[in-house]
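Protein chains: 2
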Amino acid sequence: MELPKKVFINEVVLRDGLQLEKKIVSLNEKKSLFDQLTKANITMIEFGSFVHPKLVPQMANSGDLYSDLSKEKQNANLVALVPNLKGTEKAHDYGVERVNFVFSASNTHNLQNVHKSTEDSLKELARIQDFCSKQDITLYVTIATAFGCPFEGEVSPNRVKSLVEEVSSLNVEMITLADTTGMANPYQVYNLMKEVRSLYSNQQFGLHFHNTRGMGLSNILAGIQAGINSYDTALGGLGGCPFAPGATGNVCTEDVVHMLHSMGIDTGIRLEELLVASALLNKIVEHDTPSYILKAGTFDRKYPIPDSVSAQ
Amino acid sequence: MELPKKVFINEVVLRDGLQLEKKIVSLNEKKSLFDQLTKANITMIEFGSFVHPKLVPQMANSGDLYSDLSKEKQNANLVALVPNLKGTEKAHDYGVERVNFVFSASNTHNLQNVHKSTEDSLKELARIQDFCSKQDITLYVTIATAFGCPFEGEVSPNRVKSLVEEVSSLNVEMITLADTTGMANPYQVYNLMKEVRSLYSNQQFGLHFHNTRGMGLSNILAGIQAGINSYDTALGGLGGCPFAPGATGNVCTEDVVHMLHSMGIDTGIRLEELLVASALLNKIVEHDTPSYILKAGTFDRKYPIPDSVSAQ
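For the protein sequence lines, the chains are A and L, in the order given.
The first sequence maps to residues 32 to 343 in our numbering.
The second sequence maps to residues 32 to 343 in our numbering.
Hints are not guaranteed to be accurate.
You can't tell identical chains apart in this list, so a pair holds if it fits in one copy or across any two.
[Claimed, not checked] Calculated lysine-lysine pairs in the DSS-like style (CA-CA distance at most 27 Å, straight line):
| id | residue 1 | residue 2 |
| --- | --- | --- |
| 1 | Lys53 | Lys326 |
| 2 | Lys54 | Lys70 |
| 3 | Lys147 | Lys36 |
| 4 | Lys333 | Lys117 |
| 5 | Lys326 | Lys54 |
Simulated from the structure, these hints should not be mistaken for lab results.
Just so you know, these numbers come straight off a predicted model, no measurement behind them.
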């Protein structure tokens, strides 16, 4: 098993993690989370999104959050999700320098999510790319439902490949394939990523998994074996799934970092400080998260030898 | 990624899954669970253990359970855990034909668990092997804490290999390496299993993982890649960890079976019936389990297209 020396984490708790939370998280709470994440040496953070505030109220303060965060020099790259050109322009108004445009491989999901066909989203992407290159904004693209759609079911690898080809031709910084509702399995991930990497060898790729069916870490393990070294993860595994009540959300940052470190892979992240952030997150959202490591501690945690044994 | 055609599941919920439960599960409840497990085509079940009833009250009815189950012809192989010769003899008194002797690679853990040094457990194993071969009992051996000890920390691969060598020389049916408190990572699993398989190529090996740190499925994926095709799993992921309150237990049968099936690997198990068993388990133990698939449904679950979309 060949492993990379380093894997990069893009922390998405402030966006994908929080967006389904009922309690609206305040600017100050988001800032305190952000500060603790950077203390843990997280260097890439999707901090919010520029979508209609009525659709995702939790993200309504994204512009203000960016203004606050950018007052001080940050070691982390700040990325905003944008669903369209309007959102991109709004992000630019706040001075945002990195945006992540998301559309779905599944037409039905895209219609539901951004009220556009996939084809129309691709046209929107061309306009966004044009705007970003003129404004010197770094453009990332996420292809959602790349491993399956909760409405359509299977999404064919050929469809994903042809979308990748089209997006790749626009010279975007990175293409992230997202398993939006946790349908991917490791074999599928390995095969698709091996193929797109060999087809588009000059393109940077990332992966975004949800742990809906418990396969998040396994999918990352498969992704790593296919040569992908960049992953979206969310502190505490926050995120949920709008379709499966009680199901877990994004793959959990501290669980991913813990697995990678235990395998000898560097992430540059300080796990101890990350666990402080995760405990803070519990307080802010006022409920437990699916984090394993926050509950169980790291693999090298040792327990005192019981008296009955040490006496022998 | 080369995958096996078939993987075998040894269901341990009736033993490892239940042993830490506070509510004593009745004979009838255990039987109803067993019946549903066999309805799901589970063919190997660790149904109980012959340990001192004061130490593990949940297992006190193991002999009676076996007597009840063996009244009818079962399609499943029934295995009893035994910690010593006395337990093996007791199992034999009830007519048990398959026993799984467990000892720990970590001396401290073995002292804590069975009040013997690892060396003394190996001597006990020789006596058990002698007894089993005379009584025509099939003997399985589990080496616990093979990937780490909650007291000692790291357990060296060399120690595990030398224990495997000693056990293997006794011609036992299978040697299962157990990650008793969920400390293993996929890289460690892959490397150790690749090595023991090549060193002892005539020996059958199994793996037993706990999902304490969320790496259970990843460890199975790594085990499969190292050529191991037999896994202990527990319905609902029941089991807990005596050292980490709130931490999850054994790797969850339905989550494992779901992952394997989604990757195109056969288990012979009917997942739908397994989920019925898992729902029954929830009722019996009177609490939720960490099962992902029971909550989220299988990966191919489709949702109705929302009206807003289908109208377009």
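Going down the list of hints, with the structure as the test:
no.: 1; hint: Lys53 - Lys326; in the structure: both (23 Å within a copy, 20 Å between copies)
no.: 2; hint: Lys54 - Lys70; in the structure: within (25 Å within a copy, 44 Å between copies)
no.: 3; hint: Lys147 - Lys36; in the structure: neither (40 Å within a copy, 42 Å between copies)
no.: 4; hint: Lys333 - Lys117; in the structure: neither (53 Å within a copy, 32 Å between copies)
no.: 5; hint: Lys326 - Lys54; in the structure: both (23 Å within a copy, 23 Å between copies)
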